[in-house]
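**Q** So you can see what is in the structure, the chains are spelled out below.
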Amino acid sequence: MCDPGSSEGLSAEVVGLLGFVEVVRGLGVGVSADSALTFVQAVGEIGVEEGSGVYWAGRATLVRRVEDVPAYDRAFLGFFGDLPVLDLPHVARPVELLLDVGGDDGADGDDDAAVAGDTRPVRWSDREVLRHRDFADCTPEELDEAHRLIADLRVHAALRRSRRRRPARPGSRGRPDLRRTLRSATRTGGEVLRPAVTRPGERPRRLVLLVDVSGSMAPYSRALARIAHAAVAARRHGQVEVFAVGTRVTRITRELSTHDPDEALTRASGAVDDWSGGTRLGHGLRNFNDRWGTAGIGRGAVVVILSDGWDRGDPTVLGEEMARLHRVAHRIVWVNPLKALPGYAPLAQGMAAALPHVDDFLEGHSVASLQDLAKVVGT
Amino acid sequence: MGELTSVSDVAEGLAAQDYLTDEGLATAVFLTMRLQRPLFLEGDAGVGKTALAQALAAWTGAPLVRLQCYEGIDAAQALYEWDHPRQLLHLRAVSSATEADLYDPRFLIRRPLLQALDPVDLPGGATPVLLIDEIDRADDEFEAFLLELLSDWAVTIPEVGRVSAAVPPPTILTSNRTRDVHDALKRRCLYHWIDQPSLEREVAIVRVRAPEVPEALARQVAAAVASLRGLRLYKVPGVAETIDWGRALAALGRTSLDEASVTATLGWVVKYREDQHRVVDHGISQLVQEALRHV
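Chains A and B supply the protein sequences, listed in that same order.
Residue numbers for the first sequence follow this note's numbering, beginning at 1 and rising by one.
Residue numbers for the second sequence follow this note's numbering, beginning at 1001 and rising by one.
Calculated directly from the structure, the hints in this document are not laboratory data.
Note that this is a predicted model, so its numbers are computed, not measured.
Hints may be right or wrong, so weigh each one.
To be verified - Pair by pair, the computed Cβ-Cβ distance ranges are:
id	chain 1	residue 1	chain 2	residue 2	range
1	B	Ala1216	A	Arg175	32 to 40 Å
2	A	Ala12	B	His1182	50 to 58 Å
3	B	Val1208	A	Asp34	49 to 57 Å
4	B	Leu1292	A	Arg254	30 to 38 Å
5	A	Glu22	B	Thr1005	28 to 36 Å
6	B	Glu1141	A	Arg199	28 to 36 Å
Claimed, not checked - Rough simulated footprint, nothing fancy, chain A against chain B, three-plus residues with beta-carbon under 8 Å:
id	region
7	1085-1091
8	1273-1281
By construction, the Cβ of each residue, glycine as well, lies at the ideal position given by its N, Cα and C atoms.
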């Protein structure tokens, strides 16, 4: 049991359990050697007589995120040939939380009608795509330069007061700092000469980026994902969270945390299933609000939405969800690459519904406009 | 509490404290106690994460030490702090005070984590149950600090020395998933996701937590909450809301759901204005009829 590398000296049960761990790993659940060992110990405590005991021992020791439960269940079913917990409600649910499949097929007819009614003012013509496809279609040298400029952007959100206090100059106004006062008083025989004071510290607000990865945003998605990477890579203190919004919402902060931007983007694309899929912005935003936004991540945060506001769903949903997010967020910045088009008016129904709840409405089609974004977010 | 030998001991012990578990949760708690690993609990608000720690403490007869996390929490609020005003007073009163006098343990304010490690000032000096609540609200730095504590069960206070736990306290961490907690911390812990209970279990929970609610009413309330959960509300009602709602209706002397009392008490279970509109749009009489069908 001490050396997972060799199976000598291990009982048949342990070898079998480690084989099961391998199957779990094979289905994409990260299991450390330590967890595998804990699993074997756990089964030792519970005994192998009952299938459900082994199941729950594995659930407690091998699974670290509820999203991994379906994969674990598949592994268990495949390895032991039987799933003792089929009646549990959670088995399918985590997937439902991620997917927004409800009514998708049935509503398609309506959606298409909405597209047909609204297309002209904001849909891409081929020429416009070419003219604005600067990030994607630059020569390699220009592209490198653009990416370098984006990577240099220091994106951090405006400051807020923090709970933690900092030392202030003696004599200035502030709350007494007894710890430092005591320390200096020990030097003067307990006599307090100059009371030390503190002032409130400051921290950047949380920055939340929602990147629209639907088909209509394809020319910009990757450039905008780069600015998201720049924000994540530059975070020193203060939290940055990035979500990809398409037909569903995917949290890609973790994938973007790698220092190499190309690798980070590759990983993020791997995590997002519906890259360049359809747009159901309102529903995506609702999922975001339900799971993360109003629960904590959106509270007091600077929220940046990178989207063209093109929503095939019901615009009232988008309006409602924007209002909901606006009530908890500090500030909402909407970056719409289409805004740079001459004569652009927010005619897309989604955009029109969202605008009343937007504090800043910016363009985002070029490096220069992204530099503006960095400035707006920081004030 | 006697020697813990099986998962069903846990289920029975907690049930005696009016906390009903399913097999998964009972297994996780059993392993937490046997393997001395912290238990990391996730689940929707109101499914009973914090209540589990309370029930566990009541069952094992140990005091409960609770650390509520929040943004910016640091060692001074979680572990220990020196009582500076008293130190200053001492320094003024005893002019010959040396540094060793000043950093005497009596000037140490012991915060929850230190109490859990070294339970000298807890009743009977018993090893407590440690609850670290809503860890997702704390900062990354605090998580790293906890990681160290949860693996060694020891801390060093520079002026005093090393403090280590004789017995690691049973520890429960909870998270509402407002952000991802680092894998390193999760790897130290056992993990369990608490789900919304099935209808039968929810009825049983209401019956033990609020015995004044008649069986039939408990059943209707649980069924009505189950349909509310299917309405895509912003805030899905948890078990805590079910219990509150049952209590409210029982306090009004109701023995069965009806449209008027549901309308009057809706605020006990649905706590957003938009959600209430959604329920009214869905139709309260329909909600009541669906619930009555379950009896």
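**Q** Look at each hint and say if it fits the structure.
**A** Evaluation of the provided hints:
no. : hint                             : verdict
1   : B/Ala1216 / A/Arg175: 32 to 40 Å : violated (58 Å)
2   : A/Ala12 / B/His1182: 50 to 58 Å  : violated (36 Å)
3   : B/Val1208 / A/Asp34: 49 to 57 Å  : violated (38 Å)
4   : B/Leu1292 / A/Arg254: 30 to 38 Å : violated (47 Å)
5   : A/Glu22 / B/Thr1005: 28 to 36 Å  : holds (31 Å)
6   : B/Glu1141 / A/Arg199: 28 to 36 Å : violated (21 Å)
7   : 1085-1091                        : holds (count 4)
8   : 1273-1281                        : violated (count 1)
Checked against the numbered hints above, the structure breaks hints 1, 2, 3, 4, 6 and 8 and satisfies the rest.
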